[in-house]
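Input sequences plus hints: build the corresponding full structure.
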Amino acid sequence: MSMGAAQDDDFDEYDDDEPSRTQKEVAEDEYVELDLDKTLTWTGNAVTVQAGGEFRMPLLVPYPSVLAIQFEVEGGYDLEFSLTFKDDHEVESNVLVEPVRVSDREGQLDIDTTGVCEIIWSNAHAWMTSKTLSYQLQLAPKVDMRWRKRTVAAVTAACDFRMLAAVEMADKIDEDMKTMKQRTTELQEAVSSSKEKTTSAQSKYERYMGHVRRLEEEVAAAKAHADAAAEELTAAHREEAEAERSLVTLQQVRQLDELVTPEVLKLIEQVSAPVEALFEAYAGSLYAPDKDDESDEESSPGLIDRAEVVHLLQDFDFVGRGQPPQLLCGVFASSPQQLSLAEFVRCFARAAIAFAPEDKSASEREEACAPADKVRETLLLLCKKADYVKLPVLDVRRRVGVLQALRELSAVLQSGS
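The opening position of the sequence shown corresponds to residue 60 in this note's numbering, with each subsequent residue numbered one higher.
A couple of the hints might just be wrong.
[What the hints assert, rightly or not] Cross-link-like lysine to aspartate or glutamate pairs, in silico, EDC-like; alpha carbons within 16 angstroms at most: (1) K443 - D376; (2) K201 - D171; (3) K201 - D94; (4) K325 - D432; (5) K208 - E92; (6) K201 - D96; (7) K444 - E339; (8) K444 - D374; (9) K449 - D376; (10) K444 - E467; (11) K443 - E339; (12) K449 - D374; (13) K443 - E467; (14) K208 - D374; (15) K201 - E92; (16) K145 - E165; (17) K97 - D203; (18) K145 - E157; (19) K145 - D94.
[What the hints assert, rightly or not] Pairwise CB distance ranges, derived in the manner of DEER restraints: (20) G103 - V175: 24 to 34 angstroms; (21) D316 - L345: 22 to 32 angstroms; (22) A288 - T257: 37 to 47 angstroms; (23) A392 - L345: 16 to 26 angstroms; (24) L362 - E328: 14 to 24 angstroms; (25) A283 - E248: 44 to 54 angstroms; (26) N104 - T173: 27 to 37 angstroms; (27) S331 - V448: 17 to 27 angstroms; (28) D446 - E328: 24 to 34 angstroms.
These aren't lab readings, by the way, just hints derived from the structure by calculation. Built from N, CA and C at the ideal position, the CB exists for glycine as well.
Listed below in structure tokens is the structure:
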């Protein structure tokens with residue numbers, strides 16, 4: 060049978076004169092043999108099949124195999140014999156041998172797939188008589204001779220290859236032994252030539268490395284010169300910037316008197332009373348009075364020293380205690396050491412312009428602030444500083460005069476705004 064599904068004709072009995080169909084097929088298919096070493100055998104003697112009952116024999120077929128069946132019923136009685144097969148790739152079982160009542164049978168079945176084969180002996184047709192059965196079953200796996208021949212051929216080829224490789228290696232060893240002296244001479248010449256090449260390459264390498272070291276020294280020296288030049292350049296830039304700032308300052312000093320415009324003089328005129336009070340508070344504050352003037356301390360001084368004007372600016376942090384700024388030259392330009400009230404007022408106006416707080420919004424808009432506005436900002440800042448100014452050098456009377464003058468100045472500025 061082909062795929063495990065056949066009728067009664069597929070189960071062939073042995074005949075002494077003519078071999079069964081399966082035996083012929085096996086003889087014709089030279090590439091198929093039975094693996095007798097893995098053949099499985101089941102034997103049963105005196106198996107009783109009760110009247111109305113049956114005996115089932117399931118067989119697992121793990122490989123394509125040939126199943127040989129031989130059985131006999133004692134006493135010449137008969138049993139109903141049938142055989143089914145369930146392929147592993149199918150859901151239902153197929154009937155390979157249809158039920159037939161026989162007293163004995165001998166034959167074999169070719170199964171070319173895997174699954175479960177079940178042999179059934181039934182005594183359902185007997186009402187009273189039980190039957191005794193003896194059987195022998197053999198399941199022999201089939202071997203694909205084509206695969207075995209390919210395996211043998213592969214093994215033989217591998218052995219032949221190993222033998223050929225061994226022979227070739229032996230020939231190569233013999234050849235190497237014959238040419239050993241010649242090869243030794245050639246290798247000695249090659250070593251000598253290699254040494255010469257190595258010496259030449261070493262000399263060339265050392266020569267170029269000398270160039271590299273000299274170049275590195277030159278680069279290091281050039282870098283040192285470049286660093287020194289960079290420092291000189293930085294110092295020159297710094298000196299140039301300082302000179303430009305000094306030049307701008309000197310230009311501002313020279314132009315400072317020109318900035319005292321009629322608007323500035325008008326504003327100073329509006330605050331003349333508190334400015335005159337500041338003049339009186341600081342005039343004579345740094346110098347002890349003469350003995351002739353001690354009796355007349357309450358009289359108003361007529362002059363203020365230039366140092367006392369600087370002291371006023373220092374008290375309110377417009378200038379520091381160290382090196383005097385160049386702008387003070389513009390403040391006191393064309394003025395004597397001892398200043399009258401009118402000269403003090405003009406110097407005061409110049410100082411208000413020179414030390415006015417910077418208007419960042421105006422500088423961002425690149426607009427020049429009017430001199431009168433600068434003076435007003437300086438006077439307002441002077442009034443704000445009255446809250447925390449110390450005035451340590453002035454006596455009590457002069458301190459009170461300064462603070463009163465600042466309060467009056469603040470009132471005049473607020474009323475004028």
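Okay, the hints, checked on the actual structure:
no., hint, in the structure
1, K443 - D376, "holds (12 angstroms)"
2, K201 - D171, "holds (8 angstroms)"
3, K201 - D94, "holds (6 angstroms)"
4, K325 - D432, "holds (12 angstroms)"
5, K208 - E92, "holds (12 angstroms)"
6, K201 - D96, "holds (11 angstroms)"
7, K444 - E339, "violated (19 angstroms)"
8, K444 - D374, "holds (10 angstroms)"
9, K449 - D376, "holds (11 angstroms)"
10, K444 - E467, "holds (14 angstroms)"
11, K443 - E339, "violated (21 angstroms)"
12, K449 - D374, "holds (8 angstroms)"
13, K443 - E467, "holds (13 angstroms)"
14, K208 - D374, "violated (121 angstroms)"
15, K201 - E92, "holds (6 angstroms)"
16, K145 - E165, "violated (22 angstroms)"
17, K97 - D203, "holds (14 angstroms)"
18, K145 - E157, "holds (15 angstroms)"
19, K145 - D94, "violated (23 angstroms)"
20, G103 - V175: 24 to 34 angstroms, "violated (19 angstroms)"
21, D316 - L345: 22 to 32 angstroms, "holds (26 angstroms)"
22, A288 - T257: 37 to 47 angstroms, "holds (45 angstroms)"
23, A392 - L345: 16 to 26 angstroms, "holds (22 angstroms)"
24, L362 - E328: 14 to 24 angstroms, "holds (21 angstroms)"
25, A283 - E248: 44 to 54 angstroms, "holds (53 angstroms)"
26, N104 - T173: 27 to 37 angstroms, "holds (29 angstroms)"
27, S331 - V448: 17 to 27 angstroms, "holds (22 angstroms)"
28, D446 - E328: 24 to 34 angstroms, "holds (27 angstroms)"
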